[in-house]
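Based on the hints, put chain Y in the right spot on chain X.
Next come the chains, spelled out residue by residue.
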Amino acid sequence: MSIRERHNLKKQLRGLQAIAPSPRWLAARREVLLQQVRSQMKPMVKPVVPAWREQLLALQSAYSALVSAIAARSIAVATLAVVALFATSGYVVAAADKSIPGDALYPVKLSVENYRLRLARSPQDSVGLQIEFANRRLHELAALQGTDRDTLPQAELLVTDFETRMKSAAATSTEIAATSPEEGLEIARLFDGRVAEYQHSLEATGQATKTAGVSKRVNKALTAVNKASTEALKVIVTQDSKPTPEVTAKLDGKIKEAEAALKVADERLSTGGVKAKSDTNKKAKEQSVVAKTNLAEAKKKLTEGDFQAAIAILQSVEDLVTEVVNSADDEAEEAEKTDEPTGEVKGDEAPDSTEAPASESSSTSNDPAPAASSSIVSPLSKILNLGR
Amino acid sequence: MQTFWQEKLLLQRLYNDRDAEAFGQLYDRYAPKIYRYVYFKVATATEAEDLTAEVFLKTWEYVLRHGQEKDKRIQNFRAFVYQLARNLIVDHYRRKAERYLLVDETTLNNVPEAPERNPYAVAAVGSDIEIMNQALRGLKDDYRELIILRYIEELSTSEIATIVGKNSGAVRVSLHRAMSALREEMSKPQKPNVNS
Chain X
1 MSIRERHNLK
11 KQLRGLQAIA
21 PSPRWLAARR
31 EVLLQQVRSQ
41 MKPMVKPVVP
51 AWREQLLALQ
61 SAYSALVSAI
71 AARSIAVATL
81 AVVALFATSG
91 YVVAAADKSI
101 PGDALYPVKL
111 SVENYRLRLA
121 RSPQDSVGLQ
131 IEFANRRLHE
141 LAALQGTDRD
151 TLPQAELLVT
161 DFETRMKSAA
171 ATSTEIAATS
181 PEEGLEIARL
191 FDGRVAEYQH
201 SLEATGQATK
211 TAGVSKRVNK
221 ALTAVNKAST
231 EALKVIVTQD
241 SKPTPEVTAK
251 LDGKIKEAEA
261 ALKVADERLS
271 TGGVKAKSDT
281 NKKAKEQSVV
291 AKTNLAEAKK
301 KLTEGDFQAA
311 IAILQSVEDL
321 VTEVVNSADD
331 EAEEAEKTDE
341 PTGEVKGDEA
351 PDSTEAPASE
361 SSSTSNDPAP
371 AASSSIVSPL
381 SKILNLGR
Chain Y
389 MQTFWQEKLL
399 LQRLYNDRDA
409 EAFGQLYDRY
419 APKIYRYVYF
429 KVATATEAED
439 LTAEVFLKTW
449 EYVLRHGQEK
459 DKRIQNFRAF
469 VYQLARNLIV
479 DHYRRKAERY
489 LLVDETTLNN
499 VPEAPERNPY
509 AVAAVGSDIE
519 IMNQALRGLK
529 DDYRELIILR
539 YIEELSTSEI
549 ATIVGKNSGA
559 VRVSLHRAMS
569 ALREEMSKPQ
579 KPNVNS
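Chains as they are written, first to last, in my numbering: chain X, 1 to 388; chain Y, 389 to 584.
Chain X extracted, bound-state conformation (with noise of 0.2 Å):
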């Protein structure tokens, strides 16, 4: 064979380059093979290279230049910033990811971050970061806790940052449930799956810090947890035909932890000593009345296997129950500092308003439910004239 004839038939081979997969087939299955590497993966655990200087130097300009363009919106330099942040310190990023606030990368994790959260290709992908972060807080306090630290100013922020991206993640959460109901039934299953850890988390930063400012931060960051919980058990409801045994009793959970915090919260709103009387206090009490009427309402609607106007009621009283605790948790603290006789409140922990014996709950079911102050409106019956 002359060389001709091969050089001709070596680039007729060469044409069958042309036969490929289809991108979407390729991207998909990508998708997929990268889904079980990542769950079957190990955490990261090599440790920073021996040039981290040089890196950390490189990282540090290359992350001015993110920053700058991103400040300036340019997003192709932003672009070539990441890439030249990567490129050059994969190995410091990949450290920053353990960081924890007060470490020197910790701003490098939380810029990359927030790029990811800018890159994300769709509200799904977006929801679905922002719970990763909201989890990578609630790690960071646990791990703050076990440093010698003053992490005092930094658990605040932490626990400020969970709550932060838990709304944010709740509220897309809604929207994407409004226009793609699987979509959003299975992003209401991940964050119903991760919310216990998520109290559990908050709660064990609430007795460990025994600071007011922290502890009201981790009450709100627990409200946010409660109520996003609600709207993940909302859409659940919604797309299940019948519920299962275990959506019911978290559904009846909540309605037994929110009258239980009403009980607490009146107790407090009894022992206020002078201010038992003043404007906030009888306003908190009228409002504890409304509130236990409601859920009292959603009780018999969960019973009666109404899921979905349970859930309404529990949503529409959330926040009434919150502004009752949040109105004897103030009452406490005044009562506390002018040095009035505060009945059971402890003057050294702030309160909680998650904490009550969830078995005195039924009671408080069967007493009889006053009639509604005419000054408070009551959002049971706007629900209950739903579609009549």
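Quick caveat, the hints were computed from the structure, so don't treat them as lab data.
Idealized CB from N, CA, C, for every residue including glycine.
Accuracy of the hints is not assured; some may be wrong.
Claimed, not checked - Partial list, derived from the structure: chain X residues whose beta carbon lies under 8 Å from chain Y:
no., residue
1, Q17
2, M41
3, T172
Said to hold, decoys possible - Have a look at the derived ranges for each label pair, beta carbon to beta carbon:
no., chain 1, residue 1, chain 2, residue 2, range
4, Y, Y481, X, N114, 44 to 54 Å
5, X, L190, Y, D530, 43 to 53 Å
6, X, R38, Y, F392, 36 to 46 Å
7, X, R38, Y, N475, 48 to 58 Å
8, Y, E449, X, G15, 32 to 42 Å
9, Y, H454, X, N8, 36 to 46 Å
Positioned in the frame of chain X, the structure of chain Y alone reads:
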């Protein structure tokens, strides 16, 4: 395009950092190649897709299973995935218990059109594929595989030797003979397309 050293770095990230994205990048590079390699050996595009997916799944399983054993880590990702693809194709046909064809008319119809190519280029590619199809079909399996790996997948003779289990010298000799055989096949009169 990734160089050999970039690929080494990806493998290092995969094993040492447990970086899933590193595996994703290796997939991006080799999935189209493995697909094409398998495509010439199976009857349909769907089978090619399934086998390609299986190659990467099994590669990941191997990485997971032997990640801690340094002597069993993948050193040459390209050779590894081609070898694995070859073995899976053998298993595939053992399971199906049928002789494999190189490319049939159904598969030809599944060849995607590159949208940026003009109609004349598409027609030219189509006819070249058909000519090659018939010529390659007339070759022995061993010759056909060597030609695919060397001139379509552009692997080196040493890599091909690793994949097919022969030494480099034998591969070079066989390749020379394979190309001569291919030229003879192409000089034969083309059989008419029964579906035209």
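Here's how the hints hold up against the structure:
no.	hint	verdict
1	Q17	holds, 6 Å
2	M41	holds, 5 Å
3	T172	violated, 24 Å
4	Y:Y481 <-> X:N114: 44 to 54 Å	holds, 51 Å
5	X:L190 <-> Y:D530: 43 to 53 Å	holds, 52 Å
6	X:R38 <-> Y:F392: 36 to 46 Å	violated, 27 Å
7	X:R38 <-> Y:N475: 48 to 58 Å	violated, 27 Å
8	Y:E449 <-> X:G15: 32 to 42 Å	holds, 35 Å
9	Y:H454 <-> X:N8: 36 to 46 Å	holds, 44 Å
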